[in-house]
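J.: Below, each chain spelled out in residue letters.
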Amino acid sequence: MLKKWKIRILILWYKALFLLGLKTEEVHYIGGSETLPPPLSKEEEEVLLEKLPSGDVAVKSMLIERNLRLVVYIARKFDNTGVNIEDLVSIGSIGLIKAVNTFDIDKNIKLATYASRCIENEILMFLRRNNKIKTEVSFDEPLNIDWDGNELLLSDILGTENDTISRNIEDEVDKKLLKKALSRLSDREKVIMELRFGLKDGHEKTQKDVADILGISQSYISRLEKRIIRRLRKEFNKMI
Amino acid sequence: MNNLNQHYQQFCVMCGEQKENGIYIHSGFICDQCESEIVKTEVTDEKYNYIVQRLKKLWLKNA
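Protein chains in written order, with our numbering: chain A, 19 to 258; chain B, 4 to 66.
Warning: the hint list may mix true and false statements.
[As the list claims (entries may be wrong)] Under the rule of at most 30 Å between Cα atoms (straight-line distance), these lysine-lysine pairs were calculated in the DSSO-like manner:
| no. | chain 1 | residue 1 | chain 2 | residue 2 |
| --- | --- | --- | --- | --- |
| 1 | A | K150 | B | K50 |
| 2 | B | K50 | B | K22 |
| 3 | B | K59 | A | K95 |
| 4 | A | K244 | B | K50 |
| 5 | A | K69 | B | K22 |
| 6 | B | K43 | A | K116 |
| 7 | A | K116 | B | K50 |
[What the hints assert, rightly or not] A short, non-exhaustive set of chain A residues, derived as facing chain B with CB atoms under 10 Å:
| no. | residue |
| --- | --- |
| 8 | N119 |
| 9 | D122 |
| 10 | I123 |
| 11 | E140 |
| 12 | N148 |
| 13 | Y238 |
The set of hints was computed from the structure by calculation and includes no laboratory data. In this text, a Cβ means the ideal position worked out from N, Cα and C, and glycines have one as well.
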């Protein structure tokens, strides 16, 4: 009974401090020598939980503040996860604020029990999200930086040249156009081009070879070749 | 008694604005709007990391 009166007086004291704007003067460090406020006794918690639905800020503040040791205790359990303790306490505090805001007094469960679950859950969710991010790699992830400060990105290695696809299509179109243009040449001109550029068997022959096959001079083949190419160019220009 | 709920405006550790209503945790003040923002923010939300950093102000002077 005495404890219940004590906590009621404490609520009034808190309100007085809020009124005077004195409550936020003190700053403690998590690992510092200053101790956090002690946890609430059963009776104290009962009084505060009765008043919680009224939305009294002093009550809510006390419920959060007097459970901060729980936050630090749980946060320290996750100290080996690579996340620093300040972050863990901050995340735990979010869990505690959520716990006090969502606590249902009718569920017949201790606030500390519910808050522990919320704090731990909040930290676990954060760690899970962090692990997920760690396994995801961005295409723009820099793999290395050279002496000039140029970044080698993952996309530089995995990506394809911009024209890889279009280049093949263009080659196909060029082949069709060439075939069409060649069909407009005379038979002898067609043979010269096929032999010189290996259009049929893929083997290019020298002007001398072609000259020997056709029984004409190399210089004549050279003149004919230039003329044929000029004609083909004109045919191409007409088609494009 | 109700008058006691009205207090001086304090700087919220979250939004940095001077507000009248909110909760006092340890050494800082969190305004009503920011408190409900904290409650509804999931770890997957973009602003979650921001909240984590701002809440450090409750503990550390230079956070």
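J.: Evaluate each hint against the coordinates.
T.: Structure-based check of all given hints:
{"no.": "1", "hint": "K150/A / K50/B", "in the structure": "17 Å, holds"}
{"no.": "2", "hint": "K50/B / K22/B", "in the structure": "21 Å, holds"}
{"no.": "3", "hint": "K59/B / K95/A", "in the structure": "19 Å, holds"}
{"no.": "4", "hint": "K244/A / K50/B", "in the structure": "70 Å, violated"}
{"no.": "5", "hint": "K69/A / K22/B", "in the structure": "23 Å, holds"}
{"no.": "6", "hint": "K43/B / K116/A", "in the structure": "8 Å, holds"}
{"no.": "7", "hint": "K116/A / K50/B", "in the structure": "16 Å, holds"}
{"no.": "8", "hint": "N119", "in the structure": "5 Å, holds"}
{"no.": "9", "hint": "D122", "in the structure": "14 Å, violated"}
{"no.": "10", "hint": "I123", "in the structure": "17 Å, violated"}
{"no.": "11", "hint": "E140", "in the structure": "7 Å, holds"}
{"no.": "12", "hint": "N148", "in the structure": "9 Å, holds"}
{"no.": "13", "hint": "Y238", "in the structure": "76 Å, violated"}
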